[in-house]
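Number of protein chains: 2
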Amino acid sequence: MKDEAEFAEKVLSENDKFQGKIIRVTEQTVELPDGRQSTREIVYHSGAIAILALTAENQMIVERQWRAPIQAVTYEVPAGKLDSRDTNTLDAAKRELNEETRLEAGNLREITTFYTSVGFSDEKMTLYLATDLSPVKQALPQDDDEEIELVYWDFAKATELFENGQMNDAKTVMAYLYWKTIQG
Amino acid sequence: MKDEAEFAEKVLSENDKFQGKIIRVTEQTVELPDGRQSTREIVYHSGAIAILALTAENQMIVERQWRAPIQAVTYEVPAGKLDSRDTNTLDAAKRELNEETRLEAGNLREITTFYTSVGFSDEKMTLYLATDLSPVKQALPQDDDEEIELVYWDFAKATELFENGQMNDAKTVMAYLYWKTIQG
Numbered sequence: 001m002k003d004e005a006e007f008a009e010k011v012l013s014e015n016d017k018f019q020g021k022i023i024r025v026t027e028q029t030v031e032l033p034d035g036r037q038s039t040r041e042i043v044y045h046s047g048a049i050a051i052l053a054l055t056a057e058n059q060m061i062v063e064r065q066w067r068a069p070i071q072a073v074t075y076e077v078p079a080g081k082l083d084s085r086d087t088n089t090l091d092a093a094k095r096e097l098n099e100e101t102r103l104e105a106g107n108l109r110e111i112t113t114f115y116t117s118v119g120f121s122d123e124k125m126t127l128y129l130a131t132d133l134s135p136v137k138q139a140l141p142q143d144d145d146e147e148i149e150l151v152y153w154d155f156a157k158a159t160e161l162f163e164n165g166q167m168n169d170a171k172t173v174m175a176y177l178y179w180k181t182i183q184g
Numbered sequence: 001m002k003d004e005a006e007f008a009e010k011v012l013s014e015n016d017k018f019q020g021k022i023i024r025v026t027e028q029t030v031e032l033p034d035g036r037q038s039t040r041e042i043v044y045h046s047g048a049i050a051i052l053a054l055t056a057e058n059q060m061i062v063e064r065q066w067r068a069p070i071q072a073v074t075y076e077v078p079a080g081k082l083d084s085r086d087t088n089t090l091d092a093a094k095r096e097l098n099e100e101t102r103l104e105a106g107n108l109r110e111i112t113t114f115y116t117s118v119g120f121s122d123e124k125m126t127l128y129l130a131t132d133l134s135p136v137k138q139a140l141p142q143d144d145d146e147e148i149e150l151v152y153w154d155f156a157k158a159t160e161l162f163e164n165g166q167m168n169d170a171k172t173v174m175a176y177l178y179w180k181t182i183q184g
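Going down the list, the sequences are from chains A and B. 1 is the number of the first residue of the first sequence in my numbering; add one for each residue after it. 1 is the number of the first residue of the second sequence in my numbering; add one for each residue after it.
Just chain A, same shape as in the assembly:
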């Protein structure tokens, strides 16, 4: 295998294009390994967590919510951005599980961590498995511009939606496929 340095692009300049609440967009001018120049568009993001939360009845908890980029309602596993309250992804997972499902997990462990769309963004997401769920003692305030409805899928239902192409959120597909690999 080639050395990592043989692939590296040298950043000649990086210009801010947009600063929003959740993303920052820049354009880099880079020197390619062969000496030519190109540009790279980058969306910086604070990172996020997602949770495969399985109930005692072996159902997956899913949220219905409106998503502006596609102007439609999606089905997604509980998830959220890291914010200033979180010292790590585990904190974020506990907080989001509380805020969005009013549950806490006796077992909460990392499945894996990945970049969601590394061609243009540094958004990094950690997927957790939450089991041994029980109602929280102290409910945290919910995001005030998020409207969420919880639904519950057993494995057969999730499989049907996956097979029909109706499960169309990446982290939710990943959570389902992982769930499939741990079926008894």
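Careful: at least some of the hints might be erroneous.
Here are some chain B residues pointing at chain A (derived, C-beta under 7 Å) [as the list claims (entries may be wrong)]:
hint, residue
1, A5
2, E9
3, L12
4, R40
5, T116
6, D154
7, A156
8, E160
9, Q166
10, D169
11, L177
12, K180
13, Q183
The set of hints was computed from the structure by calculation and includes no laboratory data. C-beta atoms are modelled at their ideal positions from N, C-alpha and C, and glycine is treated no differently.
Here the structure of chain A is known, so what remains is to put chain B in place on it, guided by the hints.
Below, chain B without anything else, positioned relative to chain A:
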């Protein structure tokens, strides 16, 4: 379940913030279902395909390449953006498989389609399974600002990288988990 209309946000205005080669960024001002206003940041993208390409030796084809957003080399399954040459995602999958691996697939079928990060982007990706691979008769030109090295993982190697947390690209994790579900 609530009706989809009960979730819908009304777009009051949408302003362009950045137009790049591969992304377009806007900011929407929206009216929430309860009448309050909020803003949504959106990254529009042409869509993409990714390919779980399995060789006759039952190895997964993976690419090493530099990724500007994280300033590092990644391992990713073959993938690419839809472009003006493609009439559909199947065309794009055939083209990218040719450009990046110099192979064509006797069997090329869709596994699933999903939004990669629907909280802020409309990027939609279709994951294909490619088997019965053979060298192409006519090689297509490669993207001239992409430097790629091919590597091959057997299932044990892929599992090791997943378990160690070294497989950190979403579409590659998804391809691996799908591969795991079809292991004999």
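Okay, the hints, checked on the actual structure:
Checking A5 of chain B against chain A by beta carbon gives a least distance of about 9 Å; that is not within 7 Å, so the hint is violated. For E9 of chain B, the suggested interface contact is upheld, since its CB lies about 6 Å from the closest CB of chain A, less than 7 Å. Taking 7 Å as the C-beta cut-off, the interface hint given for L12 of chain B is violated, the closest approach to chain A being about 12 Å. Using the Cβ-Cβ criterion of 7 Å, the hint placing R40 of chain B at the interface with chain A is satisfied: the shortest such distance is roughly 4 Å.
Look at T116 of chain B: its Cβ gets to within about 4 Å of chain A, closer than 7 Å, so that hint holds up. Among the interface hints, the one on D154 of chain B is violated; its C-beta lies about 16 Å from the nearest C-beta in chain A, farther than the 7 Å criterion. At about 15 Å, the closest approach between the beta carbon of A156 of chain B and any beta carbon in chain A exceeds 7 Å, and the interface hint on this residue is violated. For the restraint placing E160 of chain B at the interface with chain A, the shortest Cβ-Cβ distance is roughly 13 Å, beyond the 7 Å limit, so the hint is violated.
A cut of 7 Å between beta carbons decides the hint on Q166 of chain B: the least distance to chain A is about 10 Å, and the hint is violated. For D169 of chain B, the suggested interface contact is upheld, since its CB lies about 6 Å from the closest CB of chain A, less than 7 Å. Using the Cβ-Cβ criterion of 7 Å, the hint placing L177 of chain B at the interface with chain A is satisfied: the shortest such distance is roughly 4 Å. At a threshold of 7 Å, the smallest CB-CB gap from K180 of chain B to chain A is about 5 Å, leaving the interface hint in force.
For the restraint placing Q183 of chain B at the interface with chain A, the shortest Cβ-Cβ distance is roughly 9 Å, beyond the 7 Å limit, so the hint is violated.
Violated hints for the displayed structure, listed by number in ascending order: 1, 3, 6, 7, 8, 9, 13.
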